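2 protein chains.
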Amino acid sequence: MKNDLTTVSHSLAHVMAQSVNRLYKEVKQGVGPAIENGFYQDFDIDKTITPQDLPKIEAEMKKIISENLEFKKEIISKKEALALYKNDPYKTELINEMNDQKISIYKSGEYTDLCKGPHVKSTGELKNYAYKLNKLAGAYFRGDEKNKMMQRIYGIAFNNAKELRKHLLNLEEAKKRDHRKLGKELDLFVIDDNIGKGLPLIAPKGAIIRKAILDYEYQLEEEAGFEHVFCPHIARTEMYKKTGHWQHYKDVMYAPFGIDGDDYVLKPMNCPHHYMIYASKQRSYKDLPYRVAEPGTCYRYEKSGELSGLLRVRSLTIDDSHILMTEAQIENEFKTCIKMIAKIFNAFQLKDYYVRLSLSDPLDAVKYIADPKTWDKAGKKLEKIIKDNNLKYIKAKGEASFYGPKIDYMVKDSIGREWQMSTLQLDLFMGKRLNLTYKDENGQEKNPVILHRGLTGSIERTLGILIEHFAGAFPLWLSPIQVKIIPVSDKFITTAQKIKDKFKENNIRCEIDNRTESVGKKIAENIKEKNPYAIVIGKKEAKSGKLAVRTRGKKNIEEIEIDKFIKKLEEEIKNKK
Amino acid sequence: MKNDLTTVSHSLAHVMAQSVNRLYKEVKQGVGPAIENGFYQDFDIDKTITPQDLPKIEAEMKKIISENLEFKKEIISKKEALALYKNDPYKTELINEMNDQKISIYKSGEYTDLCKGPHVKSTGELKNYAYKLNKLAGAYFRGDEKNKMMQRIYGIAFNNAKELRKHLLNLEEAKKRDHRKLGKELDLFVIDDNIGKGLPLIAPKGAIIRKAILDYEYQLEEEAGFEHVFCPHIARTEMYKKTGHWQHYKDVMYAPFGIDGDDYVLKPMNCPHHYMIYASKQRSYKDLPYRVAEPGTCYRYEKSGELSGLLRVRSLTIDDSHILMTEAQIENEFKTCIKMIAKIFNAFQLKDYYVRLSLSDPLDAVKYIADPKTWDKAGKKLEKIIKDNNLKYIKAKGEASFYGPKIDYMVKDSIGREWQMSTLQLDLFMGKRLNLTYKDENGQEKNPVILHRGLTGSIERTLGILIEHFAGAFPLWLSPIQVKIIPVSDKFITTAQKIKDKFKENNIRCEIDNRTESVGKKIAENIKEKNPYAIVIGKKEAKSGKLAVRTRGKKNIEEIEIDKFIKKLEEEIKNKK
Chain A
575 MKNDLTTVSH SLAHVMAQSV NRLYKEVKQG VGPAIENGFY QDFDIDKTIT
625 PQDLPKIEAE MKKIISENLE FKKEIISKKE ALALYKNDPY KTELINEMND
675 QKISIYKSGE YTDLCKGPHV KSTGELKNYA YKLNKLAGAY FRGDEKNKMM
725 QRIYGIAFNN AKELRKHLLN LEEAKKRDHR KLGKELDLFV IDDNIGKGLP
775 LIAPKGAIIR KAILDYEYQL EEEAGFEHVF CPHIARTEMY KKTGHWQHYK
825 DVMYAPFGID GDDYVLKPMN CPHHYMIYAS KQRSYKDLPY RVAEPGTCYR
875 YEKSGELSGL LRVRSLTIDD SHILMTEAQI ENEFKTCIKM IAKIFNAFQL
925 KDYYVRLSLS DPLDAVKYIA DPKTWDKAGK KLEKIIKDNN LKYIKAKGEA
975 SFYGPKIDYM VKDSIGREWQ MSTLQLDLFM GKRLNLTYKD ENGQEKNPVI
1025 LHRGLTGSIE RTLGILIEHF AGAFPLWLSP IQVKIIPVSD KFITTAQKIK
1075 DKFKENNIRC EIDNRTESVG KKIAENIKEK NPYAIVIGKK EAKSGKLAVR
1125 TRGKKNIEEI EIDKFIKKLE EEIKNKK
Chain B
575 MKNDLTTVSH SLAHVMAQSV NRLYKEVKQG VGPAIENGFY QDFDIDKTIT
625 PQDLPKIEAE MKKIISENLE FKKEIISKKE ALALYKNDPY KTELINEMND
675 QKISIYKSGE YTDLCKGPHV KSTGELKNYA YKLNKLAGAY FRGDEKNKMM
725 QRIYGIAFNN AKELRKHLLN LEEAKKRDHR KLGKELDLFV IDDNIGKGLP
775 LIAPKGAIIR KAILDYEYQL EEEAGFEHVF CPHIARTEMY KKTGHWQHYK
825 DVMYAPFGID GDDYVLKPMN CPHHYMIYAS KQRSYKDLPY RVAEPGTCYR
875 YEKSGELSGL LRVRSLTIDD SHILMTEAQI ENEFKTCIKM IAKIFNAFQL
925 KDYYVRLSLS DPLDAVKYIA DPKTWDKAGK KLEKIIKDNN LKYIKAKGEA
975 SFYGPKIDYM VKDSIGREWQ MSTLQLDLFM GKRLNLTYKD ENGQEKNPVI
1025 LHRGLTGSIE RTLGILIEHF AGAFPLWLSP IQVKIIPVSD KFITTAQKIK
1075 DKFKENNIRC EIDNRTESVG KKIAENIKEK NPYAIVIGKK EAKSGKLAVR
1125 TRGKKNIEEI EIDKFIKKLE EEIKNKK
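Going down the list, the protein sequences come from chains A and B. Residue 632 in the numbering used here sits at position 58 of the first sequence; the count goes up by one each step and never skips. Residue 788 in the numbering used here sits at position 214 of the second sequence; the count goes up by one each step and never skips.
Derived from the structure by calculation, the hints contain no laboratory data. Note that the structure is predicted; figures quoted are calculated from it, not measured. A hint or two may mislead.
The list treats identical chains as one, so a pair stands whether inside a single copy or across any two.
[As the list claims (entries may be wrong)] Below, a list of computed lysine-lysine pairs in the PhoX-like style, where the Cα atoms sit at most 20 Å apart:
1. K771 / K816
2. K1096 / K860
3. K1148 / K1078
4. K681 / K695
5. K771 / K855
Start from the sequences, fold in the hints, and give me the full structure.
Set out below in C-alpha cells:
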C-alpha cells in the first residue's frame, strides 16, 4: 500500500529516535515532526553527535526496518504517561501542559513515543521508500532561547531512490547557487559588521540589477495609472498606535528613540506615510481609485540567528503600493495588480506559481482587528477574485495580516524551490480606523477600502531569489555588464573604446577588460563573471568592422555587424529574455 | 563721505536702541549687531513692543538723526563698565566674561553702549541712507533656551530709497513664492504632524520633480564614470565612533536604539556605508579613482523652531558621492565635479554663484581632526583648484568639516537671494583613520584620499529652492504636468484621450481636464497650476487635426501639428529650457 509521504516521514522520525535510543545512553527527547521533504527529531544526550555518527544511526535504522516492528497505538491516562516519562523532563513538560486526560502513544518494538499518529503499519513498510540523515543543528527546546539547546538530527524522505537522488542533486545545485556565495563572487552586495547584521549594502553591480527591476516596476505602474511618492523612514510612535501596528506588530518593530521629548521609530511598513498624503486634501469619489506607489525601505526585527544574506534581512525595500478605493472598485484594482504581478514574474522567468489565500483564524481573534463579519466578507471577496482570475490556490487560516486577509504568491524557482513573494492584501478596516474619507456622489463622507500591494515583496529578497534562480547568469535586461569587450592587446584599446562608446550611446552596459593579461585568461574571467555577451577585438575584427560575439553558454562565435548586434540586444532587452 | 553699509547698519542699531531708551522705562539690552541688509537689537522691557509701536520708534530715530550727535569712542576700565551697567544684568554678564581689562564704549548724546565700533561720524550722516524697522521676534539671550526670552527689533538699511524699495518688493515677491504656500497649492509635498515635524512626505507631483532631478544627476554621473550603490539608513553607533562623527557631529545625530544589545543610530551622512563597500575587497591603484554615488536619505537633528518646509528638515536626501583616489588624482576629480555642478546649475537656470572656501580655524583645533600641516596642505590645494577652474570665491575660517576643508557653493536665485547648495570636501584623514587601503604600483599598501561631493546638497532643500526660484512655474523638464489637455465638452474626450496616448508614447507628461466645467474655468485653473502648455480641444481642432497651443505666460495661441509640437517639446526637454 502506498502511504502518504508525511506519514512515512513521521514514522522514520520514530525509527531514527529508536535507533538513537539503542545506540546512546540516557536519551531525552524534544519534538520530532515531519517537515517538507523529511523529518527531524530533537535530542538531549550527553555525547555530541557529529556527521561521522550519522551512518551508524542510519545502519541501526535499517536494522529496525528489517525487524518489521508493528506501529501500535495505545491510549493511556495522563498519570500513566507521566510515570512512563519520569526521567525525561521535556516529555514531562509537554504532558503536563496537555488538557486531555487521555494521551495517545505509539509503540514499535521496545520504543514508545508520545504521538497522535498516524504511522505506517510497521517499520518494514519503510523499506519501500528512500531516506537519508543529512543535517545536524542546535535547537532550543520549543524554540525558546531560555530553554536548553538540544541536538537536532534532520532526515529527508522520498518515494524512491530516484527522487532522493534528484533532491540531493538539487541541494548540491542550491549550494552552488547560494546567493551569499555568488553575491560575493559577482560583487553584488556586501554585509559588513561595522554597519550591522542584516543590513545589506547593495554594491555597484547589485545596484544596477536593483535599478533595472525598479525602473521596470515604475514603468508598469505608470502604465497602470499609479502615482509615485517619496517618504522618510521614521515616524512618530503615536502614528503606529493609531494604525494598530504598535499593538499587533510590535515584535518586529525597533525600539523608539526620542526627539524633543516625543517618541519616533523606524517604519516597519509604508502604509501610514501613504495614508497621510491621502489625508492631506479633501478627496472626492472622482479621485478614486487613488493609487500611490513607492519602493520604501522599511526596518523589521529578525533574530540574528535567522538572518541570511539578502533573503532574511533587517532593512528591506518593499515595492509597495496602496490603493484607496470604493468597495465597487475592489475587483478591478485586484485584477490590475494580478496582471502586473504576472508580467513581472514573466520578466523574471518565474513561470510556476500559485497563491495562498491567507485568512484570519476565528479562534485567535485577539491577533486581528475585530468584526468577524467584515473578515468573512473580505475573505469571500478574495476567493472570488482568485477564481475569476484563474489563479491556482490554497487556503491558510491564521496567516492573514492583522487588518485583513491576503493573497500571497508562492513561486517556484528554476530548481523547484518555493519562495513567498508578492502580496495583495484587502483592508476593510483602516480607512475607518484612521478616519480617511472621500465625498461620494451625494456629498456624503465615506471611508475608502484599501488594497496593500507588494509587487514582488522586498527588492532585497527578490534580488537574493533571482541570484539563486538564475545562478548568477542574469537575463540581458538584468545583467550588470551586458557586453564584455576584450581587446587582444593594448594596440586594440582605441578600437575597443570606440565600440564601447557606440554601445553606451545605445544604453548598452559594457566594460572593456584592458588588463595586460592573455586573451585566454580574459575569456575565462568573463565566463566566471557570467556576462551574457563578450566580444574579442583583434586584428581581424578591427579590419573587418565586424564583431566576433561569444554568447554565454554557447560554444560557437558569431560574426555580426555592430548595428545589427545592437538591434538584437535592444530587442532582447525589450522582450526581457 | 560714503560709509560701509555694515557700519551704517551698526550705527542705526545704536540709534534705534537710543530711541527705545527715550521711549521706554528700565530698558535692558542684549546684543545689537549689523546683519545682512540691516541690523537688530535685543531688548528686555516690561512692555511688549507691537508692530504698531514701530512708527513711533522710527520717528524718534529720525529725531536723533536730526540732532546730529557725534559717535564718540571711549576706553574705560572693566570696573567702570560694571558700574555703568550695574542695573543691566545682560551687559554685566557680557562684561564679566571679557578677558580684556580695557573696554571700548561708544557714546552718542545721552546714549552709551558697549561697542568696538566702527561707527559713522555722527547720527546726522545716517540721513543719507534709507532704513526701516520691519520685524519683531522673540530671541533668547545669547541664543540659549535656558536664558530669558528677549524682544528683538529688526531693521533694514540701504544706500538709498530706491534700493530699499526694491528690497521691500523682493520681500513681497518672496512671500508670494514661499515654497510652503506653493507646495500646498501645487500639491508638491505634505508635512503631517502624525508622521512628525521636519519629515516631509513628497506627494506625487513633487515626486515627479524629484525623479526628474535624480534621473538627470544619474545620467551626469553615468557619463562621468560614477557607479551607484544603495545602502540602509542606519548603522551601528560604533561605526560613527570609528569615523569620529560621534565625537564631532553628535549634536545633530539622533539618540541610538538597541538591537540585540548593540546600539544603532540613524545615519547623519552616507560616508561610512560607502567606505565599507570600498573596504569589502582588496583594491589596487588600478581601481582608483573609485567613484561611488547614491541619493542617500540621512537624518539630522534641527531644533523644531528652525524647521521650515523643505528648506530646513530632519530627513534629507543627499545627492552624495565619495571618490576614493590617490593624491595625484585630486585635481582631475574636483574638475569633473565642478563641471557637473555647473551643468546642473545651468539646468536649474541658476546662473549666478560663487564658492566659499571653508577652512579650519587653527585657534579652534578641538573641532577638527588634528594635524595642522595636512590641513594647511589641503586648504592650499583647494584654493589652487578654485583658481584653476576660474571660480569666484571668498574664504571662511572655521567653516570646514571636522575631517577637511571644503568648497561650498553659494547660489543666487531669480530674486537675488543667496542659498548654500553644492559642496566639495577634501578629506586627507579618513582613509588613514579607517585603514582603507589600496595597493600601489609597487604592491605597497596606501590610504586613498577622499572627495565628498554633494551635487546640489539635499534634494529636499533643492526642491524647496527651485519652487521659490521658479515661483512654481517650472521649466518643461521639471514640470509635473507638461501639457494640460482641455476638451471643450464631453464630446471631445475621445479625441483628447487619443492625443494623450500619443503624448504618453513620447514620454510627455500630460493630463486631461475632463470635469464638466466651463472652458474658461478650466483655462483659469490651468494658469493657477502653472503648467507650461495647454491645448483646448473643440470642434475646429478635432476636425483640422491641428493643436491650439497656449504657452504659459503668453497671450497668443499657436496652431501646430501634433508631431511638430512633440518634437518641439522633446527639444525643449533635452535642452532643459
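Within, between, both or neither: K771, K855 at alpha-carbon 20 Å: between (40 Å within a copy, 18 Å between copies)
Alpha-carbon proximity context of K1096 and K860, limit 20 Å: Answer is between; shortest inter-copy Cα gap is 16 Å, intra-copy 60 Å.
Homomeric proximity label, K1148 with K1078: Cα distance no greater than 20 Å: For K1148 and K1078, both the intra-copy (16 Å) and inter-copy (18 Å) Cα distances are at most 20 Å.
20 Å Cα threshold - placement of K695 relative to K681: Within one copy only: 11 Å inside, 112 Å across.
K771 and K816: within-copy, between-copy, both or neither at 20 Å Cα: Result: close only across copies, 17 Å inter versus 30 Å intra.
Comparing the model with each numbered hint stated earlier shows that all of them hold.
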